[in-house]
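4 protein chains.
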Amino acid sequence: MPEFQNILDNICAQAKTTHDKGKVASYIPQLACMDINKFGIALLDQNGVLYSAGDTKDKFSIQSISKVLTLSLAFELLGEQLWNRVGVEPSGDPFNHLSLLEQENGKPRNPLINAGAIVVADVLVSQLRNPKQDLLEYVRKIAHDPTIAYDKSVAKSEKETGFRNYAAAYLIKSFGNLENEVETVLDFYFHQCSLSMSCEQLAYTFYVFANRGKCLKQTSYLNLSQVKRINAIMLSCGFYDEAGEFAYEVGLPGKSGVGGGIVAVHPNSFSVAAWSPGLNEKGNSKLGLQALEKLTTESGLSIF
Amino acid sequence: MPEFQNILDNICAQAKTTHDKGKVASYIPQLACMDINKFGIALLDQNGVLYSAGDTKDKFSIQSISKVLTLSLAFELLGEQLWNRVGVEPSGDPFNHLSLLEQENGKPRNPLINAGAIVVADVLVSQLRNPKQDLLEYVRKIAHDPTIAYDKSVAKSEKETGFRNYAAAYLIKSFGNLENEVETVLDFYFHQCSLSMSCEQLAYTFYVFANRGKCLKQTSYLNLSQVKRINAIMLSCGFYDEAGEFAYEVGLPGKSGVGGGIVAVHPNSFSVAAWSPGLNEKGNSKLGLQALEKLTTESGLSIF
Amino acid sequence: MPEFQNILDNICAQAKTTHDKGKVASYIPQLACMDINKFGIALLDQNGVLYSAGDTKDKFSIQSISKVLTLSLAFELLGEQLWNRVGVEPSGDPFNHLSLLEQENGKPRNPLINAGAIVVADVLVSQLRNPKQDLLEYVRKIAHDPTIAYDKSVAKSEKETGFRNYAAAYLIKSFGNLENEVETVLDFYFHQCSLSMSCEQLAYTFYVFANRGKCLKQTSYLNLSQVKRINAIMLSCGFYDEAGEFAYEVGLPGKSGVGGGIVAVHPNSFSVAAWSPGLNEKGNSKLGLQALEKLTTESGLSIF
Amino acid sequence: MPEFQNILDNICAQAKTTHDKGKVASYIPQLACMDINKFGIALLDQNGVLYSAGDTKDKFSIQSISKVLTLSLAFELLGEQLWNRVGVEPSGDPFNHLSLLEQENGKPRNPLINAGAIVVADVLVSQLRNPKQDLLEYVRKIAHDPTIAYDKSVAKSEKETGFRNYAAAYLIKSFGNLENEVETVLDFYFHQCSLSMSCEQLAYTFYVFANRGKCLKQTSYLNLSQVKRINAIMLSCGFYDEAGEFAYEVGLPGKSGVGGGIVAVHPNSFSVAAWSPGLNEKGNSKLGLQALEKLTTESGLSIF
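Protein chains in written order, with the numbering used here: chain A, 1 to 304; chain B, 1 to 304; chain C, 1 to 304; chain D, 1 to 304.
Be a bit skeptical, because a hint or two may be false.
Note that identical chains are pooled: a pair holds if it fits in a single copy or bridges any two copies.
What the hints assert, rightly or not - Below, a list of computed lysine to aspartate or glutamate pairs in the EDC-like style, where the Cα atoms sit at most 20 Å apart: (1) Lys282 to Glu104; (2) Lys16 to Glu102; (3) Lys107 to Glu281; (4) Lys107 to Glu245; (5) Lys217 to Glu293; (6) Lys141 to Glu183; (7) Lys57 to Glu160; (8) Lys23 to Glu200; (9) Lys16 to Glu200; (10) Lys159 to Glu183; (11) Lys152 to Asp187; (12) Lys132 to Glu104; (13) Lys57 to Asp9; (14) Lys156 to Glu181; (15) Lys38 to Glu183; (16) Lys282 to Glu102; (17) Lys214 to Glu200; (18) Lys294 to Glu80.
Honestly, the hints are just simulated from the structure, not real lab data.
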């Protein structure tokens with residue numbers, strides 16, 4: 001059994017002294033103003049013991065990490081029918097490319113690229129009574145933390161500048177794969193992305209994917225088959241056009257967000273969340289990736 | 001511990017009675033004449049116990065499964081330098097598309113698509129003294145079976161009809177990513193694809209990827225880090241544009257060939273090879289896929 | 001000198017008895033209800049003599065033909081600067097593909113595909129005081145016909161179903177190549193497409209491109225160099241992915257619309273407009289194309 | 001009637017003093033060693049009067065200009081059937097891209113891109129008794145010049161480095177659109193590209209396209225309809241992804257070659273050939289383009 005605390009401390013010490021921390025996302029002011037020197041990593045092992053190092057209680061915008069949570073909820077509600085609307089294949093393309101979407105008649109490659117997450121958001125808008133509130137409750141329940149909230153100013157900024165997402169949503173709608181109004185779906189989508197969480201909260205939330213579908217209090221959210229499938233999708237598609245690289249270097253199912261967060265799970269072993277606002281060229285947290293690579297190397301825990 | 005023999009027997013019984021067996025590959029006579037009713041599955045557990053059901057001693061053309069073996073040998077010889085020549089990302093495209101290759105300046109997405117395997121073949125032609133003989137010895141040694149051989153008539157047929165592979169090789173060469181003559185590289189490539197093996201031989205061969213780089217006699221071929229990486233690539237890229245689907249449905253690193261073979265490994269648990277000549281629309285063995293899905297479902301063994 | 005009236009009469013007689021008239025556009029009710037048996041052709045020779053045959057006074061939605069008129073006005077206002085915003089190359093793709101737009105960073109290939117016309121509309125929204133009214137006055141003046149009007153119900157329907165155009169506009173905006181709000185630009189764009197005109201009115205309007213930039217009353221709208229350039233663009237890009245075919249079969253600069261109209265000009269000889277609501281597979285009027293092909297074949301007048 | 005000699009003298013004087021002459025093609029030694037200071041322009045008017053300025057008797061490799069000549073011969077031999085094998089649409093892509101070819105199942109967009117010319121070459125290899133000799137005779141006859149010859153060293157060099165053309169040919173063959181062996185077709189193709197001619201010889205040769213299909217001695221090679229169609233294709237497709245730009249700036253059907261030559265015709269008026277070895281970024285002669293633009297501007301002769 002690896003000594004997680006030691007490993008995390010080492011990772012954190014190294015991260016804090018690394019010179020090249022990447023570049024903070026700058027397309028909205030709320031992200032641009034993040035402190036590039038922040039770094040945190042929190043790991044929750046299978047027995048519910050939490051290990052932390054660095055700024056693990058700081059909240060940040062989880063952005064695309066939210067796509068796993070909406071996928072989870074939509075999968076729970078719709079089951080295998082979901083795959084009539086969105087695929088499970090890696091996209092082989094940067095996260096915002098519409099070409100593939102057009103070529104494949106408005107059915108996004110997978111639920112973890114923007115276009116796919118927009119379709120999943122549409123499913124939730126159709127299925128839920130109060131979509132934004134219901135999603136929030138869902139996340140709070142899994143995480144056992146009623147303080148989790150949207151950052152409204154982030155959602156508002158995204159809305160004002162998210163032209164590419166509007167383009168994707170309208171393109172999907174032109175192919176008949178969006179049931180609701182574009183404005184309604186994107187309002188929901190921009191809110192989910194604005195979820196503000198800490199590394200610790202993320203580790204508690206993603207425990208459900210490491211623990212066969214059950215949260216820390218053993219409430220069941222997904223059955224084993226569903227969890228495996230979501231983990232498979234995270235592994236294949238969680239890092240845009242760096243998914244193969246992540247599988248290769250880290251070897252865990254995971255998902256990153258442009259706010260600098262990365263989560264990963266080792267089935268039956270642990271969930272982990274790292275955070276550092278600086279991104280590499282492909283939009284994934286630079287130090288976060290290094291942290292997870294070091295974690296699997298030093299702990300010897302990879303699914304491969 | 002699952003009772004593998006029971007599971008394999010059930011899988012085999014079901015396969016033998018399944019009506020829709022897909023379509024046998026028809027582009028060369030040697031493949032077209034395979035008996036669509038053949039089915040076999042062989043599993044080698046970590047302790048070296050072999051479980052078999054069906055036609056597991058019949059030899060067939062392993063075709064693209066050979067790409068994992070050449071990758072393994074090239075990785076052993078070149079180490080991380082290999083990635084200067086070929087990537088590790090899923091292609092998100094059918095196996096023979098040149099578009100991406102052109103767009104990305106002749107560096108193939110990964111070593112398990114045709115273009116990538118041609119680059120790997122070029123590496124081996126440069127590195128080995130007698131490329132075809134040396135590869136054969138390598139495979140025989142891993143498998144502990146000196147009877148494994150090329151099927152020269154298959155290699156010859158491929159050469160006469162493999163225009164798409166010639167197109168890929170020349171395109172790669174036009175970008176300066178092929179050191180040797182196209183004819184030489186493809187002669188080697190068509191030979192590797194023509195390797196004729198049975199399910200049992202494949203299970204023995206791929207044991208090395210399930211057993212941390214060591215063959216059944218515990219000779220080490222790859223270090224642990226290298227094995228993990230090859231497994232990660234198999235999971236991300238082993239099934240062309242059905243890679244995500246395979247990860248989703250089966251949840252194991254694996255590789256298929258147009259001869260109807262499929263291999264997969266569960267790290268630290270087992271290697272397995274299934275064979276049925278009928279292919280689905282994406283060129284993967286129809287019953288082979290179903291067999292592996294059933295195996296992971298019934299055994300509860302998936303990496304996710 | 002060809003006897004235009006005879007030729008037009010023959011063309012009309014033949015069109016009226018042709019069985020396969022193509023398919024009426026059905027994406028909005030206002031187009032779907034057009035009578036497929038309608039056919040008209042009107043030609044205005046250089047001396048201002050009008051020749052007509054068939055339903056040449058019936059009004060129809062000119063749709064994409066309007067793109068030449070907005071291009072003309074924008075070119076007049078902005079001059080060569082216009083080409084910083086939009087190219088002059090054929091797209092080699094069906095009229096609604098976004099892939100190219102994304103690949104080329106939001107600068108549309110040419111002003112006669114939808115994306116390019118949206119950029120031109122944006123230019124006019126920026127440049128004109130009352131864009132919709134000013135464009136209407138411009139067209140009325142060139143045509144010497146104050147009765148020309150928008151069909152508001154067509155504009156409204158397009159707005160409600162034009163998701164692909166919204167996608168294009170937002171994609172362009174995401175690249176910073178749209179100055180105004182998407183809603184404002186598309187409101188203008190859908191209005192220009194809804195211009196309701198007859199073959200005779202179109203022949204009078206397009207006389208300006210056949211007559212070196214001067215209308216029938218010899219008022220100058222464009223200089224000779226500008227007219228040549230617009231004619232060149234019509235020839236290269238006027239028929240989406242059938243542009244080469246039109247150049248090949250007809251050999252005149254021209255433009256079609258999904259309402260079934262086609263205009264063409266022979267510099268220094270004539271302008272012509274044909275109309276038949278049935279479209280071929282590529283969205284161009286089936287009988288209209290045949291009519292123009294017959295016209296150039298029988299008159300011996302092609303620019304080649 | 002414009003005074004051609006004056007215009008050509010001015011063009012030549014200006015070209016000789018222009019500083020930025022572009023870059024000489026360097027992919028084979030025979031092209032790389034051309035003197036960048038060379039410039040010539042020769043025009044043959046409808047009455048057969050020749051006007052020349054600069055190095056109009058220097059021979060150079062006509063390269064892709066030959067595609068019009070093989071198209072002409074193949075069209076003569078096969079008629080409209082030719083279009084079953086190759087299209088007439090502009091490609092909207094640089095001259096060597098294979099993506100479109102793959103997407104469109106091996107039917108090249110038009111006969112003036114490399115892939116299309118390779119299909120035309122295949123037609124001639126099938127149709128002619130001694131393909132290379134017969135083509136040479138055909139060109140000599142049209143030009144009334146028995147000294148025209150292939151430059152064998154150029155053909156040989158192209159063969160040794162033309163990997164992209166091999167890739168295109170094999171891709172076409174994989175789709176069943178090449179009747180002969182790749183080696184045979186490309187041997188012919190590389191020879192046609194190596195035709196060595198002067199501006200004056202080219203002006204005489206292309207007179208046939210300006211003179212309704214008849215050469216200077218009034219022998220008929222193509223009927224009027226065929227000439228118009230070839231001219232239309234030259235206008236739409238003669239300059240790769242700069243075709244629209246050429247139509248826009250020059251307004252004549254034409255064709256360029258990587259040896260620095262450009263030909264153009266004004267139907268019923270003249271044929272013209274310019275030459276300057278320096279190319280612009282898109283592979284067309286930089287000074288040649290400027291020369292033709294100046295010619296149509298100063299003479300007022302454009303087809304638009």
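Now for the hints, and whether the structure bears them out:
In this assembly of identical chains, lysine 282 and glutamate 104 lie within 20 Å of each other by CA distance solely across copies; the values are 16 Å between and 24 Å within a copy. With identical chains, the CA atoms of lysine 16 and glutamate 102 are never at most 20 Å apart, being 43 Å at best within one copy and 38 Å at best between copies. Proximity of lysine 107 and glutamate 281 under a CA criterion of 20 Å is satisfied inter-copy only: 19 Å between copies versus 27 Å inside one chain copy. For a Cα distance limit of 20 Å, the shortest separation of lysine 107 from glutamate 245 across copies, 15 Å, qualifies, whereas the shortest one inside one copy, 25 Å, does not.
Proximity of lysine 217 and glutamate 293 under a CA criterion of 20 Å is satisfied in neither setting, with 29 Å inside one chain copy and 31 Å between copies. In this assembly of identical chains, lysine 141 and glutamate 183 lie within 20 Å of each other by CA distance neither inside one copy nor across copies; the values are 28 Å within and 40 Å between. When the C-alpha separation of lysine 57 and glutamate 160 is checked against a cutoff of 20 Å, the pair qualifies neither within a copy, at 29 Å, nor between copies, at 47 Å. Proximity of lysine 23 to glutamate 200 under the C-alpha cut-off of 20 Å is found in neither arrangement, the shortest distances being 23 Å within a copy and 51 Å between copies.
Proximity of lysine 16 to glutamate 200 under the C-alpha cut-off of 20 Å is restricted to the intra-copy arrangement: shortest distance 18 Å within a copy versus 51 Å between copies. Within a single copy, lysine 159 and glutamate 183 get their C-alpha atoms as close as 9 Å, and across copies as close as 15 Å, so both meet the 20 Å cut-off. Only within a single protomer do lysine 152 and aspartate 187 lie at most 20 Å apart by alpha-carbon distance; the minimum there is 11 Å, versus 30 Å between protomers. In this assembly of identical chains, the alpha carbons of lysine 132 and glutamate 104 never lie at most 20 Å apart, being 29 Å within a copy and 36 Å across copies at closest.
Taking the closest pair of Cα atoms, lysine 57 and aspartate 9 come within 20 Å of each other only inside a single copy of the chain (16 Å); across copies the shortest separation is 53 Å, beyond that limit. Taking the shortest Cα distances, lysine 156 and glutamate 181 sit within 20 Å of each other both inside one copy (18 Å) and across copies (17 Å). Within a single copy, lysine 38 and glutamate 183 get their C-alpha atoms no closer than 34 Å, and across copies no closer than 40 Å, so neither meets the 20 Å cut-off. For the homomeric pair lysine 282 and glutamate 102, the shortest alpha-carbon distance between copies (17 Å) is at most 20 Å, but the shortest distance inside one copy (22 Å) is not.
When the C-alpha separation of lysine 214 and glutamate 200 is checked against a cutoff of 20 Å, the pair qualifies only within one copy, where the shortest distance is 17 Å, while the shortest distance between copies is 39 Å. For the identical chains of this complex, lysine 294 and glutamate 80 are inter-copy neighbours only, at 17 Å across copies versus 36 Å inside a copy, given an alpha-carbon limit of 20 Å.
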